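S.K.: So you can see what is in the structure, the chains are spelled out below.
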Amino acid sequence: MFQQFELASGVKLFVRPTEQFKTINISFKWKQPLTVEKASIRAVLANILQFSNEVYPTNVAFRKRLDDLYGTVLYFDTTKKGSHHIFSLNAETVNDAYLSNEKIVDEVFSLLHTVIFKPNLVNGKFDEAIVKREKEQVIERIQSMYDDKTRYAQQRLLENIRPNKAASISSNGTVDAVKAITNDQLVEMHQELLTKDNLSIYIVGDVNVDEIKEKMTNHFSFVDRTEVLEKAEEVPNEKNDKNFLHEIQEMKQGKLHIAYQTPITFFSEEFPVMQLTNGILGGFSHSKIFMNVREKESMAYYASSSYSSLYGLIFVLAGIESNLQEKAVALIDEQLKALQAGEISDLELNQTKSMLTNQLKEALDSARAQIEIYDQYKELNTSFTVDNWIEKWKDVTKEQIQQTALTIEKEFVYFLSGKEGAANE
Amino acid sequence: MNKNYFEQLEETLYNETLPNGLDVYILPKKGFSKTFVTFTTKYGSIDREFIPLGKDEPVIVPDGIAHFLEHKMFEKEEGDVFQKFSEKGASANAFTSFTRTAYLFSSTDHVLDNTKTLLDFVQQPYFTEQTVEKEKGIIGQEITMYDDQPDWRLYFGTIENMYKEYPVKIDIAGTIETISHITADHLYECYNTFYHPSNMVLFVVGAVNQEEMMGFIKADQAAKTFEEPQEIKRFYPEEQEAVDIKERTLKMDVQKPKVLFGIKASNTDISGDEMLNYELAMQVAIEMLFGRSSAFYQEIYENGWIDESYSADFSMEQGYGFTMIGSDTVNPTELTEKIKETIKRYASNWNLEEEDLQRIVRKKIGFFLRALNSIEYIANQFTRYSFNDMNLFDVVPALEKLTMDQVKEAFQSLTNEDAHTVFTILPFEKNND
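Chain order of the listed sequences is A and B. Heads up: the first sequence begins at 0 in numbering that gives the first Met the number 0, then just goes up one per residue. Heads up: the second sequence begins at 0 in numbering that gives the first Met the number 0, then just goes up one per residue.
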């Protein structure tokens, strides 16, 4: 899919020339081991670099520059992938071909250089007022999760099953950790991005590969990453004898979130089989959970499962009447049991294979998705192509699915609901 | 089949109106793997009073029925239509808005089979009292889900403040009470009136051969029988210029207040080029005054009065429209006062330059070109434009021609204080814990 070049040790460029899009997408991804402290610092640093830089020292000047470049989208973002924190800079700009007599792609490259290499420092420090405000913005972002009851319930579930582990650490860190950040730590983290983080750069669009390589080397000079950043220390799983938690808020619907564990992860041989297993269980609108919880029992509007393959976790989510929690859990348990007993029809199997195939092929119609999928699948030792992957699903049998279903173990039920739901405890 | 080439965008659009009145559009996109097909009727939640097909007297149907009908279209005597789409690897979906109901699928394979499934399921209704009753539990949970979403309550509360009579003030899904009155007969009545091909648009975009696809659709439609197209008589109440309620507050379990400042649009009984120009002028005006590169935005951001949830938008359909500006904020009063003050200031002293206008126009052109990478955007927006007698591909030329006078004129409609309203969501008062 992508042509690959090494710009420095630990710095790779991936280019995909295609006429499919009217824009050029660029993504820088800086990667280092995930900890609460680092995630917090990086989230705030992303905001600070987004606000201003040496060339455009005020936000209004910077925004006007982006508007002038045909509303070029340029934003920093923080995410996580497995046990790594990803600090990214994404840009999307109109291809010159669609504009009369303009050359903006070069201008965008030079702007990217500015935002990465020329931060708005005074005497080696960021402006204190900016630091203070952007810390506040990140704190408010973390707190806003409370207002989105589905996200909040999912986070509470994760905190209960994997406390202090990568699976539950937010890519924004925590309120306390953000409060504790100092100006020096931010400056130091910026240096780490430039010298230590593993960096992958993706470019997708109607570009000439040689020209792009040249632009990259002309505009940027990357230093070799010599130091290997150490993995965060593995915290042993705290033994949790609780397997149910019901929390109350002032709300109408009950949010049911169930966690299951499996030893099969993204890196396992059986990963493609587990993708199908999850698909039959609850990944689609033909799946067992949707058909039974929603269509047959009319208990929910949404009811589905998802496979978090980097953590070996499966989640089932449903929005239900708050007094139906026990009934819903029992019904969902039955669906997994059926799968584990090998109750899988030819129709279900074929539907799930078709849907997964379609999902993967469709994803290629978005430049961002091309980047995200490749960025994940390149971690596997096999060279990834869509057709190869589809081939892996083709011959999977019901017996294989049953075997992987048997590795799925229910771990925790989290329920968030209004007061009336409390009555049945 | 008509062919239209849009040179600057390098897009070719094919279209034909079939004998039964159905408008079919096909836009082949090179390099794409999937095909996206939408089948949309010009029928939404605001269409609650109308003369049913073959009758003489207007009726008023229960609130939420267009959305209810959308749900029920998926269930057939032989089972759930999703099953059929899944077999052929298609992701299917549907949505109901104030003015439209759309059914859609995307797939990378078996595109003709899936198109057939789409046409058949939308054109062959099957409702029974039993299946209607079953759906009430599912939609009840959907309504409850939205009830718990503060951003939806904020948006809808602001619309309710603005409109006294116009049915845009009624929640698209209705309420648990109103949907309890819906019967299979209601659904047939609405279906027969609004799902005639002459009230619908079929849009196909992506990896498609236009000749083959058009031939396939024509043959399918020719083999089905429909009544003669008739004009649909819909009735909408008169709406006053002023807002209905100036200010309202709702308490929810949130961590921080949320506020929306709403401005009811006055000039909404328009369509075609007039609508296109007015809508673009309005969006550009909002962006110039309240966008992220505006002096207003810089000041409130630096004051800490807004966060990343800030937004400022204008949207309209024929008959209604509104500007909404707001954010999660601990200073809702300061923020709304500042918005009012900003409007007043520009009304007395419009100190924006041609250069500012051109910058925002460039930004909007860039946004539009980016959006054209998304075949979902093209299909949904094209249909909306066509129901309002506009053409999506006229946006860039219209933006290039936009003048400061047009923008100033659009801005004038924001200055009527009777059209201003504020809706605030506040956290419950917490005990000290």
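The set of hints was computed from the structure by calculation and includes no laboratory data. This one's a predicted model, so the numbers in the text were calculated from it and none came from an experiment. Treat the hints with care, since some could be wrong.
[As the list claims (entries may be wrong)] Here are a few chain A residues that face chain B, going by a calculated C-beta distance under 8 Å:
no., residue
1, Lys-63
2, Lys-251
3, Lys-326
Even glycine gets a Cβ: it sits at the ideal position worked out from N, Cα and C.
S.K.: Work down the list of hints and note, for each, if the structure agrees.
M.R.: Hint check results:
1. With a least beta-carbon distance of about 5 Å to chain B, the hint placing A/Lys-63 at the interface is held under the 8 Å criterion.
2. With a least beta-carbon distance of about 5 Å to chain B, the hint placing A/Lys-251 at the interface is held under the 8 Å criterion.
3. Of the supplied interface hints, the one on A/Lys-326 is violated, with its beta-carbon coming no nearer than about 13 Å to a beta-carbon of chain B, more than 8 Å.
The structure shown violates just one earlier hint, number 3.
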